[in-house]
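*Asks:* These are the residues of each chain, in order.
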Amino acid sequence: MKMVAKQISIFLENRQGRLMDVTRVLAEENINFSALCIAENNEFGILRGIVSDPQKACDVLKKKNFAASLTDVLGISCPNKPGMLSLILKKLADSGIFIEYMYSFALNHATITVIRPNDLEKCIEVLQRNEVELIDPESMYNL
Amino acid sequence: MIWNESIECMDGGALRKIQTIRLRKMVEYVYHNTPFYRKKMQELGLSPQDIETLEDIHKLPFTTKTDLRDNYPFGLFAVPMSQITRIHGSSGTTGKPTVVGYTRKDINLWTECLSRCFTAYGATKDDIFQIAYGYGLFTGGLGAHYGAENIGASVIPLSSGNTEKQIHLMHDFGTTVLCCTPSYALFMADAIKDMGIDRDSLKLKAGAFGAEPWTENMRREIEEKLAIKAYDIYGLSEISGPGVGFECECQNGTHLNEDHFYPEIIDPVTLEPLGEGQKGELVFTHLTKEGMPLLRYRTKDLTSLHYGKCSCGRTLVKMDRILGRSDDMLIIRGINVFPTQIESVILDLPEFEPHYLLTVDRINNTDRMELKVEVKPEFYSDEINKMLALKKRIGDKLQNVLGLGVDIKLAEPRSIERSTGKAKRVIDNRKFN
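Residue numbers (my numbering), protein chains in the order written: chain A, 1 to 143; chain B, 144 to 576.
Just to be clear, a hint being listed does not mean it is correct.
Quick list of in silico lysine to aspartate or glutamate cross-link-like pairs, DMTMM-like style, CA-CA up to 25 Å [what the hints assert, rightly or not]:
1. B:K515 - A:E13
2. A:K56 - B:E526
3. B:K515 - A:D21
4. B:K529 - A:E133
5. A:K63 - B:E186
6. A:K62 - B:D333
Keep in mind that the hints were calculated from the coordinates and are not lab data.
Predicted, not measured: the structure shown is a model, and the values here were computed from it.
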């Protein structure tokens, strides 16, 4: 599945400076973040991000005892207009696809969304059938 | 394999006879040579002639660690210093160390006990022992050293710590038997992996693990990670050091060298003797010691005893795994909690590492336990629900086993301190004054 991108996921205890530790380790390896978000509850957080070299990022973080792993996600691009995301989500919902989580941002004319569906293969198929633009992984890593 | 078949497999009745004769002699000996015991016996109106059978042992006074401290350093020695050839002691983390003295004969008998122990593990003169117990005042290092030498094995006296060097030498020298604490064995197993050393390139086949209580699950974990047989070795410096008891190939109980150390189980609160199979505090009376013999020494270790012939052929009494120490026992909201119970829950769940830190606090007059525990790297999920489910899984299991709620804190890999000696797993912040 060539449109599947690797997202780096890191479990973090709620401790001061822990996020900074992650960014420092990756900076030292000259790895860039093109997207990053944090899901949290009152005890721990999970950092999810798209980086310039996911495998290398995962390896160096693991070596430093971070709970890092790679997760398959999809990147989609759509025009930055009202109703566009709703349209795409409707197609997915109608096909019985759940979204575990997603994060998104818009810049100028385009909106870029990272999604983690429960069924990757089916999700790609639905998106392609409806002519939604999938972003190839290499472009995502180097946004 | 059995080192001293005539004793280790002796008919139970004959063993009782030997114990009775030795006990009578011992009471006579301490009465005349240890002023502390003469005074205690006189206070109880006891004379050595009152001790005729093994049951009469119940008339004798107990000895505690406090008695050893009160008589620091040499007050309980039964021989002049000219006959003492070795002095050991406890680490003394809670005050003055407790001191024990050995005559040459005491050292020889201790070495005999360790020879029985290592032979039971299947070790012979062809083995290479790596002693990673501390050498020094602590009995672990030198005790194991003498035992391994006595069976003719090659001994690498590495002492504890310096893990990388331990592993390099283990690899280069072809160590076959490792002696250390069980928590250090697990620590080494992780370090071997981290150093990228292929486990199959090691020649390890067995380990003598003791000096702290451990569980059946921890044994499985060690055996799996190091691909060895992990055997319990039991001991305490007050009685001689490691080798007071040892496991045989059956791995279902620890045989006690009861021809030298007479064991009893008592209720730690009422001090009344308990029967076979009942759980209570283990108490030892020296039967052969010269340097510093003790009567009814309270070990604080909680276990039970089982008599009869073992399938290995030995008749020496078998002791269950140490359930905990009567002074490690935490009383949380009136319920007794042993750290080993928590450990066994963690080790039963494949998602968690066998390292934990339990913190006990009293908040608004209510006891609260917080357990910090690491998830195994492959079980960290990037979905919050899955992490919360993991937390609930261990929380529910602990609630079941302990009958108490525990606040679970999931920790990052390697964030809980690994120990190189006796593990510090419980912090009790409650103040009781």
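*Asks:* Determine for every hint whether it applies to the structure shown.
*Replies:* Structure-based check of all given hints:
With a C-alpha separation of about 11 Å, the suggested pair K515 of chain B and E13 of chain A falls inside the 25 Å cut-off, and the hint holds. For the hint linking K56 of chain A to E526 of chain B, the alpha-carbon distance of about 22 Å falls within 25 Å, and the restraint holds. Among the hinted pairs, K515 of chain B with D21 of chain A is consistent with the structure: their alpha-carbon atoms are about 21 Å apart, no more than 25 Å. For the hint linking K529 of chain B to E133 of chain A, the alpha-carbon distance of about 31 Å lies beyond 25 Å, and the restraint is violated.
A C-alpha spacing of about 65 Å is found between K63 of chain A and E186 of chain B, which places the hinted pair above 25 Å, so the restraint is violated. The hinted pair formed by K62 of chain A and D333 of chain B meets the criterion: a straight-line CA distance of about 14 Å does not exceed 25 Å.
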